[in-house]
Amino acid sequence: MPLRFGDGDSTLAYRRLSSLALAVLSLSATAQPPSVVFNGHSITLHLAQFDSNSPVTLIHLDRALSDDVRRELVEAGVQLGPHLGNRVFVARRANGHRTRPQCIDAEAPFPPDLRVDTGLLASADAAPQTLVPVNLFAWDDAPDTLARLLAHATACGATLPGPMTTSRRVLVYAPPSRLRDLALCPDILWIDAWSAPQPDMNVARSMGGADTLESVAGLTGQGVRGEVLDGALLTTHADLVHRPPLMHTPNGSDPAHGTPVFGILFGSGATSAPSRGIIPGAQGIFASYNFLTDRAAHTQSLLEPPYRAVFQSNSWGAERSRLYTSVSAELDQITFDHDILIFQSQSNAGNQDSRPEAWAKNVVSVGGVVHGNTATLIDDAWMQQASCGPAIDGRIKPDLAHIYEDVWTIASTSDTAHENFWGTSAATPITAACGALAVQMYANGLFGNSTSGGDVFDERPHAATTKALLINSARQWNFNSPADDLSRFRQGWGYASVARLYDLRQRTLIVDQTDLLAPLDTRVYVAEVELMQDVLQVTLVYPDPPAMPGSLVHLANDLSLRVTSPEGIVYLGNVGLLDASFSQPGGQFDRQNTVEQVIVPKPLPGRWTIEVVAGDFTADGFPDTPQLDATYALVASGVVPNAASLQVSAPEGIPQRRTPYSPTPLAFRVDTSAQPVQQVSLAWRTSDGHSGQLSPLSIDDTLYSFSLPGSVCGVSTEIALRVEQSDGQVTWWPQAWPASGFIIESGVEHILSTQTFTGSSGWTATTTPGLVGGAWNFGAPLGGGIRGDPPTDADTSGKAWLTNRAAGDTDVDGGSAILTSARIDLAGIPDPLITFAYWLSCDDAGQPGEDMLHVEISSDDGATWLPAATLRSGFAWRDHTIDLTTLLGPADSVRLRFTIADEPNDSITEAGVDFVRILSRSCELSCPGDVNADGVVDFFDVQWFLNAFTTRDLTADLNADGQFNFFDVQVFLNFFTSACQ
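Counting from 1, position 317 in the sequence shown corresponds to residue 326 in the numbering used here; the numbering is continuous, with no gaps.
In short, the hints are calculated from the structure, not lab data.
Even glycine gets a Cβ: it sits at the ideal position worked out from N, Cα and C.
Certain hints may be false.
What the hints assert, rightly or not - Okay, derived cross-link-like pairs now, DMTMM-like style, lysine to aspartate or glutamate, Cα gap no bigger than 20 Å in a straight line:
(1) Lys-611 <-> Asp-543
(2) Lys-611 <-> Asp-512
(3) Lys-611 <-> Glu-537
(4) Lys-808 <-> Glu-912
Said to hold, decoys possible - Label-pair distances were calculated between CB atoms; the ranges are:
(5) Glu-912 <-> Asp-77: 50 to 60 Å
(6) Val-978 <-> Pro-839: 48 to 58 Å
(7) Gly-971 <-> Ala-872: 32 to 42 Å
Take the sequences, apply the hints, and build the full model.
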């Protein structure tokens with residue numbers, strides 16, 4: 010029967026569907042036009058419409074981007090720009106082209122106002138009519154594009170302060186009143202404010218492992234060249250005369266900041282041994298940002314004689330922001346184009362306010378941890394000192410962290426002066442020096458990698474590979490919650506340790522961007538883990554094209570990591586690693602980060618399978634080929650590299666759960682470079698005692714397809730693939746079979762009702778005395794995510810319950826804000842669960858006075874309340890599930906109550922609630938005759954089965970014998986006539 014979720018809510022008949030399937034069904038049923046949130050606005054695209062008068066528009070593709078789609082767009086004169094999410098792209102058309110390609114199913118104008126940062130517009134509207142410095146982010150860096158951009162800017166009264174740049178980010182001085190006119194140019198993607206460069210103000214060598222590496226291998230950076238980009242340098246300091254700095258630009262005038270930064274890397278320690286730099290054997294290069302007029306050209310020249318640098322260290326940046334700006338996008342473009350490792354300080358705000366350069370995907374962003382002047386980790390803390398993540402799109406930042414304070418190094422007050430330096434300004438060159446030593450180790454072939462006798466620059470790994478080596482070998486600080494003081498968003502992946510990297514050198518598999526993936530492809534690697542291995546760690550890093558400045562979606566291409574143990578346990582990249590130091594099985598692919606890890610303590614010895622899985626691409630990740638593809642770096646430590654002649658994988662994955670009674674299609678790829686494959690079969694057994702072995706239904710080159718027989722609800726099935734080669738050798742995947750295999754549970758998560766908050770739906774908001782701001786209210790997020798508030802809702806409906814959903818500097822202040830749900834009907838639901846999405850961000854998380862979201866539940870219509878959960882900050886939308894039977898026992902209805910307070914009023918705290926679902930996993934609701942999963946056994950199930958049967962769909966092979974015949978019809982009739990309605 011239909012189950013209702015309070016008055017005013019849209020009622021859904023219960024369906025045997027997952028949350029994802031339900032979302033897809035709801036979208037298709039209501040035929041909602043696609044929409045996207047950008048620059049604080051929600052934009053809805055119009056179905057089957059193409060505005061030929063708008064030079065720059067937003068388009069929606071009816072399918073994922075592919076080579077065929079790209080050709081169709083090119084033939085129609087459509088140039089594809091950045092992706093904004095939900096297959097919505099910025100696009101423009103060549104002159105004379107007005108045809109709508111078939112692959113575009115919706116379109117909307119992209120008004121000039123939306124391509125100018127809202128904060129810049131607001132300040133410009135109030136500014137006097139004097140020229141203001143602004144960044145123009147170009148469509149691309151082609152000379153013709155930049156020439157047209159400059160001509161348009163000049164016509165709008167803007168001036169260029171220096172020579173024309175080759176970078177996509179162009180600085181001009183423009184009249185505030187003409188910003189909207191500037192944005193009319195189709196060669197300009199985005200406009201935001203320019204700011205002057207700002208600096209970010211022993212144990213380091215020991216903690217980073219430089220002392221160990223020098224003592225055991227004699228490595229001090231010999232042959233390495235790297236640049237410090239900063240304000241100015243005291244070139245005459247006595248600790249620098251042993252190897253004078255190579256100047257890349259004229260020197261600046263104030264060396265107070267650049268000198269200690271340079272000394273941390275390259276100082277000789279001649280005048281004070283404790284101040285010896287981490288790579289005194291390397292050649293330091295210095296450039297002043299005061300003379301940085303074209304960062305793209307500057308970076309290009311770094312790769313050429315006489316510099317030939319392998320890294321650049323930056324302890325400065327543009328004005329702090331929580332947004333992905335034109336500066337962020339420029340640095341992503343530069344690192345993507347020039348393949349150089351750039352280290353960037355996160356900054357020292359004690360919150361998410363960070364240098365916009367640090368939000369770039371392809372750099373190594375560096376945070377800081379207060380270390381108490383000891384080499385032990387137990388007394389270390391973040392203490393709200395360094396800037397931190399997450400990025401506004403949810404990405405993990407910083408990438409790494411290091412010592413924040415009391416770093417003894419050279420000073421600029423005299424040629425023999427020294428000082429205690431601090432901040433991420435110190436942590437960044439420490440980390441950059443570790444990166445330089447990693448490059449030197451690779452160039453010397455210490456990982457077993459081949460070298461050709463060239464110098465360090467010639468033998469260097471790709472930038473993404475060095476980043477992966479540093480992250481893979483980093484030492485983590487322990488934590489157990491995203492709200493802990495040293496959580497993932499504060500420490501990143503830990504601190505760089507070249508001593509650990511050196512220790513792992515003979516147990517490391519490295520893929521140095523040698524392989525390419527097209528969309529939806531998979532690449533497989535096999536590695537052996539030996540007995541008594543402490544940790545298996547696998548790291549994926551890939552270069553990604555820049556995102557649209559101002560966007561909430563920063564990932565262009567989606568590559569994911571999947572690691573399978575010898576006993577069939579599957580780990581996906583980053584699952585569990587926001588909550589603790591080690592990976593958890595299960596979960597979903599990460600769709601946000603260009604860095605993914607799997608970290609398994611005490612791994613089972615044997616053959617582990619490592620897969621890099623490509624999802625959808627929205628840009629070309631490897632322009633050197635004509636195809637749409639991407640490259641990546643992969644590092645696995647704690648393994649014996651195994652160039653296995655036999656590689657087995659499941660390209661589409663193995664489901665953790667399947668629908669009861671129905672057969673399950675499975676596909677396996679078997680690749681071999683040695684003995685040919687003689688026979689492949691699939692062994693299976695169920696928890697109720699049945700077993701068998703299946704032959705493939707079809708073989709397509711190396712892809713073997715099977716149909717696993719259906720099972721009763723609640724009965725699990727364990728499977729393993731058997732591969733016999735022509736020489737008689739038999740290989741099982743997973744290797745541990747018959748002791749263990751891949752386990753697939755049989756059951757369905759029945760979503761019985763869902764609250765997506767398109768209306769308030771009977772929920773009520775109240776306050777207690779003392780609350781001066783932050784009351785719950787319902788609607789679209791308006792704050793833009795710049796104060797810890799959610800930039801979007803959780804379920805894409807566009808609205809949610811939020812604390813003070815206003816723009817500006819507002820949050821929960823003082824007494825309690827209370828949100829109480831409508832009455833939730835549970836009558837007739839066996840073993841009900843309630844799941845809701847919540848947002849909580851408290852800048853004091855992990856500190857005394859941390860604010861938490863308290864959840865209570867009532868089964869007597871609010872007369873009494875029982876504590877259900879106390880939730881800590883996650884800094885993202887997260888799901889929480891309550892088992893109502895365990896907590897309450899039998900209940901016909903419940904109400905929820907959410908309470909948040911900031912007492913004493915000393916924090917910036919924001920909360921949200923959205924997407925409430927009532928569900929059950931009980932087998933009582935599973936009915937084998939309901940094959941179309943609409944909750945009713947009727948004629949439509951007959952129609953569904955006949956359609957599947959006549960089209961030879963595998964789901965109609967109900968007895969899983971590989972044939973479509975009367976026996977399948979008989980099974981369906983038995984299901985249909987069973988009394989389970």
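> Looking back at the hints listed earlier, which ones does the structure fail to meet?
Replying inline: Violated: hints 4, 6 and 7.
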